[in-house]
Amino acid sequence: MHRYPRWPIHLTLLGVSFVMLVPFYWVLKTSVSGENIFAYPPSVIPKNPHLFYYVDVWYYIPFARYFLNSVIVSFLCVAANVVFNAMAGYALTRGFAGKSLVLMLFLSCMMVPFQATIIPAYLMTGRLGLLDSHLGLALPQMSTIVCIFVFKASFDAVPRSLIDAAKIDGLSEWRIVWRVMMPLAKAAIATNVILGFIWSWNNFLWPLIVTRSADMQTLPLGLARFLSYQEDTTGALYAFCIMVLAPGILLFLLAQKEFIRGLTSGATKG
Amino acid sequence: MSDEDPDGPLWRRLLLNRFVLVPGAIAAAILAWNIYVASHDNGIVEGLVVDPKGEPVAGASVALWVLNFTTYVEHAHTRTSADGRFRFDGNASHNIQLAAEKPGVGRSARVPVRLYFKAQDATLSEPLRLAGG
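These protein sequence lines map, in sequence, to chains A and B.
Counting along the first sequence from 1, when you hit position 45 you're at 45 in the numbering used here, and nothing is skipped either side.
Counting along the second sequence from 1, when you hit position 64 you're at 334 in the numbering used here, and nothing is skipped either side.
Don't take every hint at face value.
[What the hints assert, rightly or not] Covered, in the sense of this in silico footprint (three residues per stretch, anywhere, with C-beta under 8 Å from a C-beta of chain A), are these stretches of chain B:
1. 286 to 293
2. 347 to 354
[As the list claims (entries may be wrong)] Below, simulated DSSO-like cross-link-like pairs (lysine-lysine); rule was C-alpha separation at most 30 Å, straight line:
3. B:Lys-388 to B:Lys-323
4. A:Lys-186 to A:Lys-257
5. A:Lys-167 to A:Lys-186
6. B:Lys-372 to B:Lys-388
7. B:Lys-372 to A:Lys-47
8. B:Lys-388 to A:Lys-29
[As the list claims (entries may be wrong)] Heads up, incomplete: computed chain A residues facing chain B, CB under 8 Å, no partners named:
9. Met-20
10. Trp-26
11. Val-27
12. Tyr-59
Simulated from the structure, these hints should not be mistaken for laboratory data.
From the three backbone atoms N, C-alpha and C, an ideal C-beta is built for every residue, glycine too.
So here's chain A without its partners, still in its complex pose (with noise of 0.2 Å):
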């Protein structure tokens, strides 16, 4: 038996559900109807809905190259998220000379905007012949400190006495991370999975700069490029922006579970 009534704390969560919803039901109602958006009144139910808009972008823009650019680049993101993150979570679970500077030096980097490394970033990927390609795209990303602490505070977790039979039984640090560890922590890697998804493919900074041909742009990229091609296209644009957002929303649907559990983890350890 609850304390106190339920139904306010419902009320409210339903009141900011809704706030939170309406931009993106906004969005998607222009996307079938290309209404304007300063129509008054605005029309809540769009009318005569259609799918054309979407058709307009797949045929305007190579929407299919950059989509397919923002994959292999968010996919290289992802993978080097997971592998980096996680041995990099692991080394600051153990013990060795010098931790709590590195600890503080990743905590003071965290600081640190990414427009302040964009000229080095950008003479370091020149300088390793990576400018406009996708492993380009993807090296600033491959590993985020957010991340790193993410899988820590999930290996903090794991008993010690688990990371010393598996010692005992032979295993090396190596096997240690990939056959003890990373089973034990699906919730981090959820986590890594979708913010590392997310922030890749939601980058323009990055790709802008790094980018010189037309078949290496990013979706991000090509929202602009379809912004300068275009002036009366409210219904194509709100359609490209659902086509751009669909993917990430997708994924997080499927693995929000993790994706809580993983951000919280830690958060509650006595």
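Knowing the structure of chain A, use the given hints to seat chain B on it.
Using the frame of chain A, we list chain B on its own:
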């Protein structure tokens, strides 16, 4: 069924979970769509031309415009048969307009026709109605 049932066989746990089923369903839908597109992309556009009374008009000239980025350009012409029907072959666009004309009978308004993919086979649901002759 729960995708986290620890007692189920391995293949079931690997295959019957939302991370496989949802992308699999999307892939199946894409495959089905592409099969449909491949079997309906002959570029055939058909329709009927009628006079103000609704009678079929033979020998009317029908023009097809296709969208050229921002404007429509005239792409093809044909004439209606004795029963007032017309047919275009080889339309490669997804955004077209049609209009009919016959001296002495009149001309129709230019009718936009939106297609779901390039060269989709289409039959006009409403006839092109000549007026003002």
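Discussion item. Take the shortest C-beta to C-beta distance between A:Tyr-59 and chain B; is it under 8 Å?
Written reply: holds (6 Å)
Worksheet item: Do at least three Cβ atoms from the region 347 to 354 of chain B come closer than 8 Å to Cβ atoms of chain A?
Response: Since 0 is below three, the answer is violated.
Worksheet item: Mind checking, does the region 286 to 293 of chain B have 3 or more residues with a CB under 8 Å from chain A?
Response: holds (count 3)
Worksheet item: Regarding the pair B:Lys-372 and A:Lys-47, is the alpha-carbon distance no greater than 30 Å?
Response: violated (35 Å)
Worksheet item: Can the restraint linking B:Lys-372 and B:Lys-388 be considered satisfied, given a maximum Cα separation of 30 Å?
Response: holds (29 Å)
Worksheet item: Between B:Lys-388 and A:Lys-29, is the straight-line Cα distance small enough, at 30 Å or below?
Response: holds (25 Å)
Fill in: When the least beta-carbon distance from A:Met-20 to chain B is tested against 8 Å, hint result
violated (23 Å)
Item to complete: For the pair we were handed, B:Lys-388 and B:Lys-323, check the Cα-Cα distance against 30 Å.
Response: violated (34 Å)
Worksheet item: Minimum Cβ distance from A:Val-27 to chain B below 8 Å?
Response: Violated, about 21 Å.
Worksheet item: Is it true that the CA of A:Lys-167 sits at most 30 Å from the CA of A:Lys-186?
Response: Answer holds: A:Lys-167 to A:Lys-186 is near 22 Å, not above 30 Å.
Fill in: chain B contact restraint for A:Trp-26 - C-beta distance below 8 Å
Not OK, violated: A:Trp-26 not within 8 Å of chain B, min 23 Å.
Worksheet item: When you check the alpha-carbon spacing of A:Lys-186 and A:Lys-257, does it fall within 30 Å?
Response: Given that 30 Å is the threshold and the Cα spacing comes to 11 Å, the pair holds.
Of the numbered hints given earlier, the model fails hints 2, 3, 7, 9, 10, 11; all others are met.
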